[in-house]
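Q: Protein chains in written order, with our numbering: chain A, 54 to 887; chain B, 3 to 204.
For the record, the hints were derived by calculation from the structure and aren't laboratory data.
Take these hints with a grain of salt, some might be off.
[As the list claims (entries may be wrong)] Pairs of lysine to aspartate or glutamate, EDC-like flavour, derived with a Cα cap of 20 Å:
1) A:K99 <-> A:D83
2) B:K25 <-> A:D227
3) B:K182 <-> B:E164
4) B:K72 <-> A:D227
5) B:K117 <-> B:E149
6) B:K162 <-> B:E78
7) A:K196 <-> A:D247
8) A:K144 <-> A:D115
9) A:K144 <-> A:D69
10) B:K23 <-> A:D83
11) A:K845 <-> B:D156
12) B:K24 <-> A:D725
13) B:K24 <-> A:D83
14) B:K72 <-> B:D115
15) A:K352 <-> A:D371
16) A:K99 <-> A:D115
17) A:K845 <-> A:E821
18) A:K845 <-> A:E827
19) A:K645 <-> A:E821
20) B:K25 <-> A:E223
21) B:K24 <-> A:E209
22) B:K72 <-> B:E95
23) A:K556 <-> A:E771
24) A:K464 <-> B:D115
25) B:K72 <-> B:E121
26) A:K623 <-> A:D640
27) A:K144 <-> A:E113
28) A:K274 <-> A:E329
29) B:K23 <-> A:D222
30) A:K349 <-> A:E667
31) A:K269 <-> A:D234
32) A:K191 <-> A:D234
33) B:K24 <-> A:D62
34) B:K25 <-> A:D222
35) A:K191 <-> A:E209
[Stated by the list, open to error] If you want the ones that stay clear, here's a sample from chain B, every Cβ over 10 Å from chain A, calculated:
36) P30
37) M70
38) Q114
39) K117
40) A127
These numbers come from a predicted model, not from an experiment.
For glycine and all other residues, C-beta sits at the position ideal for the given N, C-alpha and C.
So the chains spell out like this:
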Amino acid sequence: MSNPSEEIDEVSVIIDGQEVHVKAGEILIDACESAGVDIPRFCYHKRMSQVGMCRMCIVEVDTGRGSSLQPSCMMNVSEGMVVDTQSELTKKVQDGVLEFLLLNHPLDCPVCDKGGECPLQDQTMAYGPGETRFVEEKRHFEKPIPINENVFLDRERCILCDRCTRFADEVVGDPLIQFIDRGNSTQVNTFPEDPFASYFSGNIVQICPVGALTAKSYRFKARPWDLEEIESTYPNPLGDRIVVQSSRDQVLRLQGLDSEAVNWGWLSDKDRFSFEAFQSEYRLDSPLVRGGGLNKAEKGGAGLVASSWAGALSIVTDSLKDVNPDRVAFLGGARLTNESQYAWTKLAKGVLGTDHVSADLGDELPAHVLLGLPRATISELCQPNNTIVLLTSDLKEEYGTLFIRLRHAAKAQGVNIVELSPTRTGLSNVAAVSLHPLPGEIGNVAEALVTGDIPREVGGITGEEIANAHEYLQNSNVFVVVNRSSIGQSTTPIIDAITSFQKLDNCRFLPLVRRGNTMGALDMGMSPGLLPGRNTLSSGSAVFSDIWPNLPAKEGADTKQILQNAADGKIDTLFLIGADPISDFPDRSLAKSAIQNAGTVVSVDLFVTPSVYESDVVLPAASFLEVNGSHTNVEGRITPIRQKVTAPGTSRPDWMIASEIAYLLGHNLNIDTPEDVWNEMTSRSAVHGNLGYPHFDNDQNGHLITATGRIPFLPSQERLESRPVDSYAMRLIIGKRMFDHGTITQMSASLRSLAEASQLRINQYDFERLGIDEGTKVQVTSGDRDISVTVKIDDRVPRSCALIYANLDGADPRELLNEGSHSIDIRIDPTVRA
Amino acid sequence: MSRLNEENLRIARQIISAYPKKKSALIPLLHLAQEQNGLVTNEAMTHIAELVDVTPAEVLGTCSFYEMFKRHPVGEYQINICHGISCHLLGAEDVLEHAESSLGVKEGEITQDGKFSFEGVECIAACTEAPCLQVNYRYINKVNADEFDQLIDDLRNETKTEIPKHGTLANTRQKIPANKAAGPAQVEESSRPIWLKRNKEE
Numbered sequence: 054m055s056n057p058s059e060e061i062d063e064v065s066v067i068i069d070g071q072e073v074h075v076k077a078g079e080i081l082i083d084a085c086e087s088a089g090v091d092i093p094r095f096c097y098h099k100r101m102s103q104v105g106m107c108r109m110c111i112v113e114v115d116t117g118r119g120s121s122l123q124p125s126c127m128m129n130v131s132e133g134m135v136v137d138t139q140s141e142l143t144k145k146v147q148d149g150v151l152e153f154l155l156l157n158h159p160l161d162c163p164v165c166d167k168g169g170e171c172p173l174q175d176q177t178m179a180y181g182p183g184e185t186r187f188v189e190e191k192r193h194f195e196k197p198i199p200i201n202e203n204v205f206l207d208r209e210r211c212i213l214c215d216r217c218t219r220f221a222d223e224v225v226g227d228p229l230i231q232f233i234d235r236g237n238s239t240q241v242n243t244f245p246e247d248p249f250a251s252y253f254s255g256n257i258v259q260i261c262p263v264g265a266l267t268a269k270s271y272r273f274k275a276r277p278w279d280l281e282e283i284e285s286t287y288p289n290p291l292g293d294r295i296v297v298q299s300s301r302d303q304v305l306r307l308q309g310l311d312s313e314a315v316n317w318g319w320l321s322d323k324d325r326f327s328f329e330a331f332q333s334e335y336r337l338d339s340p341l342v343r344g345g346g347l348n349k350a351e352k353g354g355a356g357l358v359a360s361s362w363a364g365a366l367s368i369v370t371d372s373l374k375d376v377n378p379d380r381v382a383f384l385g386g387a388r389l390t391n392e393s394q395y396a397w398t399k400l401a402k403g404v405l406g407t408d409h410v411s412a413d414l415g416d417e418l419p420a421h422v423l424l425g426l427p428r429a430t431i432s433e434l435c436q437p438n439n440t441i442v443l444l445t446s447d448l449k450e451e452y453g454t455l456f457i458r459l460r461h462a463a464k465a466q467g468v469n470i471v472e473l474s475p476t477r478t479g480l481s482n483v484a485a486v487s488l489h490p491l492p493g494e495i496g497n498v499a500e501a502l503v504t505g506d507i508p509r510e511v512g513g514i515t516g517e518e519i520a521n522a523h524e525y526l527q528n529s530n531v532f533v534v535v536n537r538s539s540i541g542q543s544t545t546p547i548i549d550a551i552t553s554f555q556k557l558d559n560c561r562f563l564p565l566v567r568r569g570n571t572m573g574a575l576d577m578g579m580s581p582g583l584l585p586g587r588n589t590l591s592s593g594s595a596v597f598s599d600i601w602p603n604l605p606a607k608e609g610a611d612t613k614q615i616l617q618n619a620a621d622g623k624i625d626t627l628f629l630i631g632a633d634p635i636s637d638f639p640d641r642s643l644a645k646s647a648i649q650n651a652g653t654v655v656s657v658d659l660f661v662t663p664s665v666y667e668s669d670v671v672l673p674a675a676s677f678l679e680v681n682g683s684h685t686n687v688e689g690r691i692t693p694i695r696q697k698v699t700a701p702g703t704s705r706p707d708w709m710i711a712s713e714i715a716y717l718l719g720h721n722l723n724i725d726t727p728e729d730v731w732n733e734m735t736s737r738s739a740v741h742g743n744l745g746y747p748h749f750d751n752d753q754n755g756h757l758i759t760a761t762g763r764i765p766f767l768p769s770q771e772r773l774e775s776r777p778v779d780s781y782a783m784r785l786i787i788g789k790r791m792f793d794h795g796t797i798t799q800m801s802a803s804l805r806s807l808a809e810a811s812q813l814r815i816n817q818y819d820f821e822r823l824g825i826d827e828g829t830k831v832q833v834t835s836g837d838r839d840i841s842v843t844v845k846i847d848d849r850v851p852r853s854c855a856l857i858y859a860n861l862d863g864a865d866p867r868e869l870l871n872e873g874s875h876s877i878d879i880r881i882d883p884t885v886r887a
Numbered sequence: 003m004s005r006l007n008e009e010n011l012r013i014a015r016q017i018i019s020a021y022p023k024k025k026s027a028l029i030p031l032l033h034l035a036q037e038q039n040g041l042v043t044n045e046a047m048t049h050i051a052e053l054v055d056v057t058p059a060e061v062l063g064t065c066s067f068y069e070m071f072k073r074h075p076v077g078e079y080q081i082n083i084c085h086g087i088s089c090h091l092l093g094a095e096d097v098l099e100h101a102e103s104s105l106g107v108k109e110g111e112i113t114q115d116g117k118f119s120f121e122g123v124e125c126i127a128a129c130t131e132a133p134c135l136q137v138n139y140r141y142i143n144k145v146n147a148d149e150f151d152q153l154i155d156d157l158r159n160e161t162k163t164e165i166p167k168h169g170t171l172a173n174t175r176q177k178i179p180a181n182k183a184a185g186p187a188q189v190e191e192s193s194r195p196i197w198l199k200r201n202k203e204e
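For reference, chain A alone in the conformation it holds in the complex:
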């Protein structure tokens, strides 16, 4: 007998006559797969629990007690197991199971979208009966019924594998679809009039093994054999891996790619269905310049008129000739690929010589937080017995796949989540501790939590609650996920909190960004004082001076200062590279006045956003579906972005526009392809080392760059004083919704209608004190500013706090922000009905 405490790592099993060594306890169907033996299956999905619903994976297994038929998804391997997946009996059973599954299946393959990529079709061909013996009437249901805005359900085709219902319940915690009725009339359905309102509904279409679930955007659009596909990356902060599928130069759908490190094959609906935006009729397809009637370019003209590239670029270069570098500024860049970011930085900092370059739009964490903290990957976070502290907003709204990973970690991987978010979130019900500090107080709460020096009450949280949470920080590895949870709170309290957590041994961080490729932008130097490869202006000059002729002499202004300078008329040329400060910058009027008072405003964008509308020159850019390049996610993971379709009209990749402008100014950036950028950048950047282009090309997990410490984190010297909220006021939280008035959402037909109107959300207790009806319009004031907005009861919001989501139709909460405040207190006047 071996010592029972000794862990057996590997067992040997015989699969189809071959002895193989597999991990002890592995699920048999996986073990067979890794041994190269494919077992047919419908219900089994490796990212969800096993249920043994479909019986398709039955094989003959002998564990020493004689052979028997076992579903291989419900069985763990054990030493000496003998498996026969090819026996006569196995084949007979597979044939029988398929015959049963097909009893009620309508076999309407010729008109079914799934035909050609349908596991039921494929496996029936491979393992099933050639003919049916079933002559009776099949069961009938109304064909397809919408279960939400984007997904249709055809219950006749359904084989009841429980994949979609399991996904809804287990993976994302939205159990809004269920098995209804029983026996022969079992069906998947929602509650009447209660749609499957999940942010992740597109995934059930992807995992459905038959044609029962179809996405509105893809229905009857193409046949699988007409599709071409390419593996790419969705340029969101997490860099979710995707497969882009197109036909005739038109993208028809995005599918999640199962990358172990990042998204596990899942995508949020916002990302999955957003491809429609890039094919929208509102996409810019030629340059625009300010002009008047008869399409004539004219400075000070009333509108934007179509132009040629030559005409538009000449206005740009005229504004840049002999300009004082201090009077040129660049905002934005988070939309771009790493390569395009490098090209624009080279144009700004290497050719024009200005350091007024910032990818932040006033809603990101500072660069030293994003680059300076010891960083952890998502998979490092999700190890058993870890404690993850969330100093974030609702991840379900903003970082869909990270939400899914952390939810799984808490439910199935033995990770404890200590949530310190402004409101209850999608993770609250799986978190070990869920606390909601008052905005502005997170630094003080974190200090008490870390030190265990616990006051009676801090930031709206009792000492007892803190003490309970403190326990979870003992004897386990602590990881802190942090983002700019609300633009109603300054970054100071967040930096205080991070400073406190740094007192813990080996505490590591995952700072999140708001915009797609902000991490790449920082690594490519799109921030004042930075050069590519996490070099600073002073340390990096020597590295770049031979190829970047006009490096800036001094550190440039940050976003707010750039906008201030522009508003004061101190900027001659302002570049907006995929940036829309009027919609996104916290101070809307400053952004507007900056764009109006800057000499020439050049926008490089895909759509006419409010800021683009005010620009003087608009250069149409190619989207991520139309360019080659790479993306850097919040972990520092670089994954490829690959071109699948051609850009509309004359729009060009961003790097090409930068290169063209430089060329017209008499400088050659030496960039003819994205690879040129990569070769130049990697030859200079110690961080990116010697990563060749193909290095990460075929690895679904991409390549992780780690270079902590080159840009040091600047801890806070003194913690912000606690500021209690008085009993007449409420502390403001400005959150973000998955579906808002953002350009991409609004340009996607599938997503447009999902954005709600702006509402002030307060909890039942505070609501009752107001003595008004739900939905009443009230006046909300903060100092001398006010907005009027309807009130909604939302018990996720803690007492004495009020939540408004940013960028929705109606009241704009940015109007309430005060210059220089660390947190915003508002008053609600129920008597003033605007």
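Start from chain A and add chain B according to the hints.
A: Coordinates of chain B only, in the frame set by chain A:
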């Protein structure tokens, strides 16, 4: 509106408090809703979902699994006439036919006064008493056509008071003394079931 009324809401809260997890009260609450309205309405399911903290779809999934929860109206007296093998051999079809003609409705329909509905059911496990039937799940044994008519008359004249209206499980409500109830607190003290921990459902 057929959410739980005030009195039943009070009872519902009491029922919920007897379980360590709210969700466990789901089926008892469905019975309560059925007792109130004679059927389980969508509004009641939504109400129950709110009370036990699950989605309405989950309530529907459970409710629709059980034959005895009716989501469509039935008579005040739901008569289940057995046509299992023993009853069939001893004349169940005659009883069914008689029911249809004497009540003037077809199987699954409700009489105009809303009093009766009937259906043929599979074996109800009283083969020694065949042919048998149930009125609101109370057994009536060895029935023939005359006895069926008598039964209907008694029910119509409300002389057969031992059979409550459809939806009522029992004439007396179960009372669990505080010291016998599991309650939410005691689970913590006893050894915790593994599945609670695994599902992180608390």
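Q: Work down the list of hints and note, for each, if the structure agrees.
A: Now the hints, each set against the structure:
For the hint linking A:K99 to A:D83, the alpha-carbon distance of about 8 Å falls within 20 Å, and the restraint holds. Note on B:K25 and A:D227: the hinted pairing holds, with a Cα-Cα distance of about 16 Å set against a maximum of 20 Å. For a cut-off of 20 Å, the pair hint linking B:K182 to B:E164 is broken: about 29 Å separates their Cα positions. As the CA atoms of B:K72 and A:D227 are separated by approximately 26 Å, the hinted pair breaks the 20 Å bound.
For the hint pairing B:K117 with B:E149, the CA-to-CA distance comes to about 18 Å; that is within 20 Å, so the pair holds. This hinted pair checks out: B:K162 and B:E78 have alpha carbons roughly 13 Å apart, not beyond 20 Å. A hinted pair counts as satisfied when its Cα atoms are at most 20 Å apart, and A:K196 with A:D247 qualifies at roughly 18 Å. Of the pairs offered as hints, the one joining A:K144 and A:D115 holds, with about 16 Å between alpha carbons and a cut-off of 20 Å not exceeded.
Only pairs whose Cα atoms come within 20 Å are accepted, and A:K144 paired with A:D69 is accepted, the gap being roughly 13 Å. Straight-line distance between C-alpha atoms of B:K23 and A:D83 comes to about 35 Å, which puts the hinted pair past the 20 Å bound. For the hint linking A:K845 to B:D156, the alpha-carbon distance of about 54 Å lies beyond 20 Å, and the restraint is violated. For the proposed pair B:K24 and A:D725, the alpha carbon gap of about 64 Å is over 20 Å, so the pair is violated.
A threshold of 20 Å between alpha carbons decides the hint, and for B:K24 with A:D83 the separation of about 37 Å lies outside it, so the pair is violated. A hinted pair counts as satisfied when its Cα atoms are at most 20 Å apart, and B:K72 with B:D115 qualifies at roughly 19 Å. Proposed proximity of A:K352 and A:D371 is supported: the alpha carbons are some 13 Å apart, at most 20 Å. Distance restraint check for A:K99 and A:D115: the Cα-Cα separation of roughly 24 Å exceeds the 20 Å cut-off, and the hinted pair is therefore not satisfied.
Restraint check for A:K845 and A:E821: satisfied, since their Cα atoms lie roughly 11 Å apart, inside the 20 Å limit. Restraint check for A:K845 and A:E827: the C-alpha separation of about 6 Å stays at or below 20 Å, so the hint holds. At most 20 Å may separate the alpha-carbon atoms for a hinted pair to count; A:K645 and A:E821 exceed this at roughly 39 Å. Taking the CA atoms of B:K25 and A:E223, the gap is near 16 Å; set against the 20 Å cutoff, the hint holds.
Annotation: proposed proximity of B:K24 to A:E209 is violated, straight-line Cα distance about 35 Å (limit 20 Å). Between the alpha carbons of B:K72 and B:E95 the distance comes to roughly 24 Å, so the proposed pair goes past 20 Å and is violated. For the given pair, A:K556 sits about 15 Å from A:E771 by alpha-carbon distance, which is consistent with the 20 Å threshold. In summary, the hint linking A:K464 to B:D115 is not supported, as the alpha carbons are separated by about 53 Å, beyond the 20 Å threshold.
The straight-line distance between the Cα atoms of B:K72 and B:E121 is roughly 13 Å, inside the 20 Å bound, and the hint therefore holds. Between A:K623 and A:D640 the CA atoms are separated by roughly 19 Å; this keeps the pair inside 20 Å, and the hint holds. Only pairs whose Cα atoms come within 20 Å are accepted, and A:K144 paired with A:E113 is accepted, the gap being roughly 10 Å. Distance hint between A:K274 and A:E329 is fulfilled; the C-alpha atoms sit about 13 Å from each other, no more than 20 Å.
Taking the CA atoms of B:K23 and A:D222, the gap is about 18 Å. The hint holds against a cut of 20 Å. With a C-alpha separation of about 17 Å, the suggested pairing of A:K349 with A:E667 holds against the 20 Å cut-off. About 26 Å separates the Cα atoms of A:K269 and A:D234, which puts this hinted pair outside 20 Å; it is violated. The hinted pair formed by A:K191 and A:D234 meets the criterion: a straight-line CA distance of about 17 Å does not exceed 20 Å.
The straight-line distance between the Cα atoms of B:K24 and A:D62 is roughly 41 Å, outside the 20 Å bound, and the hint therefore fails. Distance check on the hinted pair: B:K25 and A:D222 sit about 15 Å apart at the alpha-carbon level, within 20 Å; holds. Between A:K191 and A:E209 the alpha-carbon distance is near 9 Å, which keeps this suggested pair within the 20 Å criterion. At roughly 20 Å, the least C-beta separation between B:P30 and chain A is larger than 10 Å, which holds for a residue marked as non-interface.
Every CB of chain A is more than 10 Å from the CB of B:M70 (nearest about 12 Å), matching its label as outside the interface. Remark: the non-interface label on B:Q114 is consistent with the geometry, its nearest Cβ contact in chain A lying 28 Å away (cut-off 10 Å). With a cut of 10 Å on Cβ distances, B:K117 stays outside the contact zone with chain A, its closest approach being about 27 Å. Every beta carbon of chain A lies more than 10 Å from that of B:A127, the smallest distance being close to 19 Å; the non-interface claim holds.
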